[in-house]
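As a plain string of letters, each chain reads:
Number of protein chains: 2
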Amino acid sequence: ARPRVGYFYAGKNPKGIISQKIRSIKVSEIKAVPVVIREETSVYDAIVTLFLEDVGTLFVVQEDGSLCGVVSRKDLLKIAIGNADIKQVPVSVVMTRMPNLVTVTLDESAYDAARKIVEHQVDALPVIRPMEVDGKQKYEVVGKITKTTIAKLFVELGKE
Amino acid sequence: ARPRVGYFYAGKNPKGIISQKIRSIKVSEIKAVPVVIREETSVYDAIVTLFLEDVGTLFVVQEDGSLCGVVSRKDLLKIAIGNADIKQVPVSVVMTRMPNLVTVTLDESAYDAARKIVEHQVDALPVIRPMEVDGKQKYEVVGKITKTTIAKLFVELGKE
Chain F
125 ARPRVGYFYA
135 GKNPKGIISQ
145 KIRSIKVSEI
155 KAVPVVIREE
165 TSVYDAIVTL
175 FLEDVGTLFV
185 VQEDGSLCGV
195 VSRKDLLKIA
205 IGNADIKQVP
215 VSVVMTRMPN
225 LVTVTLDESA
235 YDAARKIVEH
245 QVDALPVIRP
255 MEVDGKQKYE
265 VVGKITKTTI
275 AKLFVELGKE
Chain Y
125 ARPRVGYFYA
135 GKNPKGIISQ
145 KIRSIKVSEI
155 KAVPVVIREE
165 TSVYDAIVTL
175 FLEDVGTLFV
185 VQEDGSLCGV
195 VSRKDLLKIA
205 IGNADIKQVP
215 VSVVMTRMPN
225 LVTVTLDESA
235 YDAARKIVEH
245 QVDALPVIRP
255 MEVDGKQKYE
265 VVGKITKTTI
275 AKLFVELGKE
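Chains F and Y supply the protein sequences, listed in that same order.
Mapped onto our numbering, the consecutive letters of the first sequence carry residue numbers 125 to 284.
Mapped onto our numbering, the consecutive letters of the second sequence carry residue numbers 125 to 284.
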C-alpha cells in the first residue's frame with residue numbers, strides 16, 4: 125500500500141529528483157534583461173555603460189536589431205591596458221562575433237544554459253530568437269543567462 | 125508497509141530534498157584554488173596576473189600571509205580607464221579592504237556561499253581560516269568560492 129504521509133517517488137533517488145528539477149526549469153522562466161549596444165559604440169562608452177548598468181557583459185546589435193557580438197569585462201580590460209585610444213576604437217574590434225557566440229534559446233533548460241557557461245568558460249549567454257531580415261536568418265536578443273542568474277536560481281532552490 | 129521499490133522520504137517534498145542537498149554540501153568540498161598577490165603589486169601587474177591565471181578575482185595578502193583585500197575585474201577596469209599610471213599605483217589603492225570583505229568558512233554550506241555572493245553582489249568569496257599573528261587575530265586564505273564554482277556545482281547536480 126502507498127503510505128499516507130509524505131511523498132513517494134517510484135524508482136527515483138534524491139539525485140534523480142534534483143536533476144529532474146534542474147532540467148525542468150526553462151530559460152524563459154529565469155532569463156534576465158540584456159544590456160545592448162551598437163557595434164559603432166566606442167570601447168570607452170562601452171565601459172561606461174558597463175558601470176552605469178552594473179553588468180558584466182554587453183550584447184552588441186546591428187542597426188536592424190540583430191545580434192552580432194558579445195563583449196565582456198575581460199575583452200574591455202585587455203584593450204584598456206593597451207596603447208589604443210579607447211575613445212576611438214569601436215567595440216566591434218574587441219567583441220566575440222557571430223557565429224562564434226555561445227547562445228541559448230527560450231525553450232532550453234537552466235541545466236543546458238549552465239552547462240554551456242561552464243564548458244565554454246563564458247560569463248553570460250544571450251537568449252536568442254530567430255528573426256528574418258531581408259530573407260536572411262538573423263537572431264534577436266530577448267534576454268540573457270549569466271553566472272549570476274544561475275547563482276540566484278541555486279539560492280532559490282536552497283530556500284526551505 | 126514500506127514499498128520495496130524506489131525510495132521513500134517521509135514528509136519531504138521535492139523542494140525539501142533539493143534544499144537539504146544544497147545545504148549539506150560544504151564549502152570545503154567545492155572550494156577552488158585562490159590566486160593571491162601582495163598589496164604592493166601594481167595595478168598593471170595585477171591585470172597581467174588576472175589574464176595569465178585566467179581568473180576574475182585576486183586575493184591580496186600581507187607579508188605574514190594574512191588576507192587584507194580582494195580585487196575584482198571591475199575594480200581594475202575602473203582604474204585602467206582613468207588617468208592613473210597603473211604601473212605605479214599599487215592594488216591596495218583599488219581593492220576592497222578588510223574588514224569590509226565578504227568571506228566564507230570551510231564548514232559553511234554551498235547554499236551559504238551562494239547566498240552571500242548574490243546578496244552582496246560579488247563575483248567571489250575568499251574561504252578563510254583564523255590564524256594568530258603576534259597575538260592578533262588574522263585570516264589565512266585557504267580557497268575561494270566564485271560564481272563559476274556555483275555554476276559547476278549546479279551542472280554537477282543536474283547530471284543524471
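One should not assume that every hint holds.
Chain copies aren't distinguished; within one or between two, either way the pair holds.
Said to hold, decoys possible - In silico DSS-like links for lysine-lysine, alpha-carbon gap of 25 Å or less: (1) K202 / K145; (2) K260 / K211; (3) K150 / K211; (4) K283 / K260; (5) K139 / K262; (6) K260 / K198; (7) K139 / K198; (8) K139 / K260; (9) K262 / K202; (10) K276 / K262; (11) K145 / K198; (12) K211 / K262; (13) K260 / K202; (14) K283 / K262; (15) K145 / K260; (16) K276 / K240; (17) K262 / K145; (18) K211 / K240; (19) K283 / K211; (20) K150 / K202; (21) K240 / K202; (22) K260 / K150; (23) K211 / K276; (24) K211 / K139.
Since the hints were derived computationally from the structure, they do not count as laboratory data.
If any of the earlier hints don't hold here, list their numbers in rising order. 1, 2, 3, 4, 5, 6, 7, 8, 9, 10, 11, 12, 13, 14, 15, 17, 18, 19, 20, 22, 23, 24
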